[in-house]
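These protein sequences, in sequence, are chains G and Y. Each residue of the first sequence is one higher than the last, beginning at 1 in UniProt numbering. Each residue of the second sequence is one higher than the last, beginning at 1 in UniProt numbering.
No wet-lab data here; the hints were simulated from the structure. Just so you know, even glycine gets a beta-carbon here, dropped at the ideal spot from N, CA and C. Check before you lean on any hint, since a few could be wrong.
As the list claims (entries may be wrong) - So the derived list for chain G, only partly shown, Cβ under 8 Å to chain Y, looks like this:
(1) Leu50
(2) Pro52
(3) Gly56
(4) Lys74
(5) Ile254
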Amino acid sequence: MIEVVNLTKTFKKVNAVDQVNFYIEPGEIVGLLGPNGAGKSTTIAMLSTLVPPTSGDVLLQQQSVLKNPASLRKVLGVVPQEIALYEELTARENLLFFGNLYKMQKDQLKNRVDTVLQQIGLQHESKKIVKHYSGGMKRRLNIGVAMLHEPDYLIMDEPTVGIDPQSRNHILETVKKLNTESNKAIIYTSHYMEEVEYLCNRIYIMDKGRIIASGTKDEIKAILSSENTILVKLEKHSNDFLSELMSQPLLSNINAKEAEISFTVAKGINYLPTLLTLCEMHHVTLKSYEVKEPTLEDIFLHLTGRALRN
Amino acid sequence: MFLALIQKQMKILLRSRSELLMLFVMPIILITILSFALGSLMEGNSEMTKVELAIVLHDNEEEQLNEFRKVASETFPINDEMEKQMKQMLPISMLLEQLTKSEEMKEFIHVTELKPNEFENARKSEEFSAIIEVPEHFTVNFLTSIFMEGDQPAFNVYVNESEPITSTVVKNILDFYQQQYTFFTALAKNGFLSDEMTVPTPEIKSEIQTVDTETKINSSIYYTFSMSVMFILFIAGTIAGQSFLEKNMHIFDRILLARIHPLTYLASMIVSTVVIAFIQVAILFAFAYFAFGISLNQWGLTILLTLLLAIVVGGITALLSSINYRSNSANASNIFSNALVSILALLGGSFFNISGLSPVLGKIGMWTPNGAALDGYLKLAQNGSLSDIQHNLMNLAVMAIVLIVCAVLLFPKRGGIA
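Chain G with its partners taken away, still in its complex shape (with noise of 0.2 Å):
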């Protein structure tokens, strides 16, 4: 198991993480989820050891590796949110590089290199140098490189910045993969809520460089297991409308995306009738109205008052 325990790192006298604790047991998916600027890089890069924290420790097996961190990186593979490879190399001379850095032996290395190469679905383009390769394949090739030397532990940061939804699905399949099938513990980071919901078991909320919330799945959604998140729908997009809305001391969490509005509401309160009125008062169309079960999304909203991607 890994664990971090009150991890702060503070540059010119700003916490970028303050008190940060959280852990990994072998075999699970943790998520960390959080805006951009939320700490998640700097508690990645302290926890990989690449980077001191200002106080705090991180433990393996009980143990402190930020003096001695050679066990930690032994049984660590860090995918960086930046495509942290050699653009002029082929993807097979990467993972060869990488490969011989981990001191593996000739056949051992070429095996591991096919099977990876297998894994990220680039088996036929290994030849081809990575500069022409596309966001979504440099991005896979980046993930073929942190589980080379085959980790009990992947670290991802923020894997599918940038790219295609076809690469997207393949690198979250893989994700899921190596998981159920080879039993790798991921740490996986994201500002997208949906990645994190579907791959992960425990998640870890983070803003400002603290956690707000952690918990299954089930736990988080319960902090707002007493209301209900109503999405509508409206003809056309209506500023009077939306200020009416704003002013209703029944709703919170008011997001408007053009004709897309969403809002919380106490649950028990039906609350479609006195949106019709508002809809006559302000001559708009109502187009439909949905009531949803609350997203991470939305508890991040009720958390923080911001939206995740804002």
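Since the structure of chain G is already known, use the hints to place chain Y on it.
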């Protein structure tokens, strides 16, 4: 693992067309252009022949000494010690002694005494590298300025401008003479001159040995070496720039996570640079052999000199990388490639022999990696031995140690975003 780091560096360089052009094609083009364009300029006095020096004496020194005795005896008594000092300070004898005292000087300089009526013809004929004209009453005026009161007299020196090297040597000898002459004057005026004191021979022996050789240094040889030692410096900027990209793209983090010590990584950059530098020099020298027929005289010493130069360049790579990593920008390697290489090339004599312009700049140039190596290569091309280039080797070794130690101290021992 270490080999993998070096192989990776080689592959990246081999696949970077612009860098290949810069490091391997540009110097070949420049060597060719400069060899042809400046060839005739350098042929003029490339071979060091014996310096023909003429001295025109308008007076007899012995007669002048007698005249001074007469004048001086009216002011102060001339005892034995005074007599000895006067003889010791005879300026023409002093100069001739300097020019002809040592065997090496005799081999190198031939002095002809001319009568005053031969002076004009000698000047016009350009038969001599330099002519020293000693004006009338020179000795009397000289002794008066030392033992009594008066201004120091001066020689007239005529230098043959078409022989820059030989005339520079003559100027050096006369400068040295001037220094000694001033020194002895000061001693005599203050009563410290003793009869044990003698005028030393100018310390230009090694310079004379260097230029007094059989092999010509033509423009092709000069620019093969000067461009090679200049372009080798660009390797440092290139590798350090690539290394910063590794940090910027978090590849360095991946290397650290693979449990590679940062100093192992730094060492791999030094070794990669040394290997690339060696390959570059080998290609340029091979080109010079096939294009201009320039062959290396002393393989062993050439390899030793190249190795030390390559290690210094490796040290520069390491230092630039350390600064880039510390400052989190590629400014150090960019400034080095865009500005510092040109300054080093100028000081090191890659464009022209800077010591001819200023001896001080020449000395500074010997403390640049390219300057020390260029001077060494030129000495070897002129059949120099280990003792001739030991100063160059020493300078390069000192530079290599200093650069590498600074780089090791500066290089960050962690990765990440710190």
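Which hint numbers doesn't this structure obey?
Those not satisfied are hints 3, 5.
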